[in-house]
Amino acid sequence: MVLDWANRSVYEGNDWQLEPDSKAGVQLTYKPTSTLGFATQLISRGEKPEPDLQWAYLSWQFRPDWQLDIGRKRIPLYFYSEFQDVGTAYPWVSPPSEVYGWESTNYNGASLRYGGEWQDVEVGASLFGGQERVDDNPYMEVFYNLPTDTRWNDIRGADLELSRDWWRTRVVYLQTNTLYDDNFSIWREDLDAYGIAFNGQGERWQFLSEAGVVDRRGKDGGNHLRSRFYSVGAGYQVQERWGVFANFANYDEAYSDPAYEIIRFATTSLTVQYDISSRQNLKLQYDYHLDDSFDFTGDADLLRLSWNMSYWSPNLLR
Amino acid sequence: MNLRFFLAVAALALSGPLHAELVLITHPGSGLSYLSQGQVSRLFLGQTDRLPNGSRVTTLTVAGATREQFVREILGKTPQQIDKYWARMIFTGKATPPREVSAADIRKVVAQTPDAISYLDRSLVDDSVKVITLTAD
Chain A
1 MVLDWANRSV YEGNDWQLEP DSKAGVQLTY KPTSTLGFAT QLISRGEKPE PDLQWAYLSW
61 QFRPDWQLDI GRKRIPLYFY SEFQDVGTAY PWVSPPSEVY GWESTNYNGA SLRYGGEWQD
121 VEVGASLFGG QERVDDNPYM EVFYNLPTDT RWNDIRGADL ELSRDWWRTR VVYLQTNTLY
181 DDNFSIWRED LDAYGIAFNG QGERWQFLSE AGVVDRRGKD GGNHLRSRFY SVGAGYQVQE
241 RWGVFANFAN YDEAYSDPAY EIIRFATTSL TVQYDISSRQ NLKLQYDYHL DDSFDFTGDA
301 DLLRLSWNMS YWSPNLLR
Chain B
319 MNLRFFLAVA ALALSGPLHA ELVLITHPGS GLSYLSQGQV SRLFLGQTDR LPNGSRVTTL
379 TVAGATREQF VREILGKTPQ QIDKYWARMI FTGKATPPRE VSAADIRKVV AQTPDAISYL
439 DRSLVDDSVK VITLTAD
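For the record, the sequence lines run as chains A and B.
At position 236 of the first sequence (counting the first as 1) the number is 236 in this note's numbering, and the numbers step up by one without a gap.
At position 132 of the second sequence (counting the first as 1) the number is 450 in this note's numbering, and the numbers step up by one without a gap.
No wet-lab data here; the hints were simulated from the structure.
Errors might be hidden in some of the hints.
[Said to hold, decoys possible] Subject to a maximum C-alpha distance of 25 Å in a straight line, what follows is the list of computed DMTMM-like cross-link-like pairs (lysine to aspartate or glutamate): (1) B:Lys395 - A:Glu253; (2) B:Lys426 - B:Asp367; (3) B:Lys395 - A:Asp154; (4) A:Lys31 - B:Asp367.
[Stated by the list, open to error] If the Cβ cut is set under 7 Å, some of the chain A residues that face chain B in the computed set are: (5) Ser306; (6) Met309; (7) Trp312.
Cβ atoms here follow ideal geometry from the backbone N, Cα and C, with glycine treated the same way.
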């Protein structure tokens, strides 16, 4: 079962495994003035222990509600994309791989972000653009088992997030020109990605839902692959420290060439979480993965136990 | 001391400390007198560092049990919910949490910081700080 496509995190066989979901990260933020800042973030993973640079960018809050960032950042493609590695920030052991997993997760470029309020609704919006290059892309290795270099050139995107009281919603659009080189051939595509999320949280309950579409159109022959996916889940805080969360996620495809074997799979999961503290927890999650395609990965039952901890010092962040 | 008086005092002592009432405080020279629930939430959740009139404020949070009471009673969140929120904000670079000050020092720090806003047990308020009235939205 593939848990993290971008980093080739795959559970195989029947033995306990640490590598697929294990990770540790450190983030440094420096603000010499109230409007200027620098942030960098490194992550080391079980599948790839060498630290990987996730962020390195300068930020400038040139107006109270506006900020310009320049450098390397995570692509804000779906709701949890930017903090997909922060296990204390969401109710699963890891975000559903039906939604979260593409060949590029970071970019080098710039973003312009607005944060304000309108009619008692909190508004956040951004424009972002840049490019990314991943050699020997782990995502491509999952599919083709061949070292493949990928380029996401001319990334352009925008997102809008609204929230008030118990609800929060977000829409996103991204467009890029992609290039793939496996040393045998080179192919290019136009990629368009769309996403929408709607989440709710009360005192004891929460509801998370997200759906998206990714269109890939070949520049040479014009073949068109459409990926469709969604995730929906609900949870309840049974006691102060105990919570449960149930989720269903689905991925399927449609392709213009009938000879192409489409991929279709779904995962049903149940997570029990125990809060050691407000920044540290244990999660036990059972996943039932149904591969309804050509036995791409096969069906799987997965039981995972994770320990998650985040630490920050407010006085060191400024 | 008669028996009834003794029993009343003993009952009071054994019942534990009364629930502290938190109040918002600012520098005594500040012109700020009122803040709405929504404005307080926006300030202490890092969504803005400005008042409606455009002036900048410095929000200060108090370490320990006082913070938990503020989070629950004023922000309407549990400690887990608020830290999940801050994990998202910090690790996406969108906001940083308020500076944290010990309960023993908060009154002194607010008294020395002209644009500071924080909170305190009402029984600990003195002339060195000014109480801000919290209004409904």
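How the hints compare with the structure:
1. Our distance criterion of 25 Å between C-alpha atoms is broken by Lys395 of chain B and Glu253 of chain A, whose separation comes to about 40 Å.
2. The suggested pairing of Lys426 of chain B with Asp367 of chain B holds, with an alpha-carbon distance near 21 Å, which does not exceed 25 Å.
3. Among the hinted pairs, Lys395 of chain B with Asp154 of chain A is inconsistent with the structure: their alpha-carbon atoms are about 41 Å apart, more than 25 Å.
4. Proposed proximity of Lys31 of chain A and Asp367 of chain B is supported: the alpha carbons are some 15 Å apart, at most 25 Å.
5. Because the smallest distance between the Cβ of Ser306 of chain A and any Cβ of chain B comes to about 15 Å, over 7 Å, the interface hint for this residue is violated.
6. Because the closest C-beta pair between Met309 of chain A and chain B is about 10 Å apart, greater than 7 Å, the hint is violated.
7. A distance limit of 7 Å between C-beta atoms decides the matter here; for Trp312 of chain A the minimum to chain B is near 6 Å, and the interface restraint holds.
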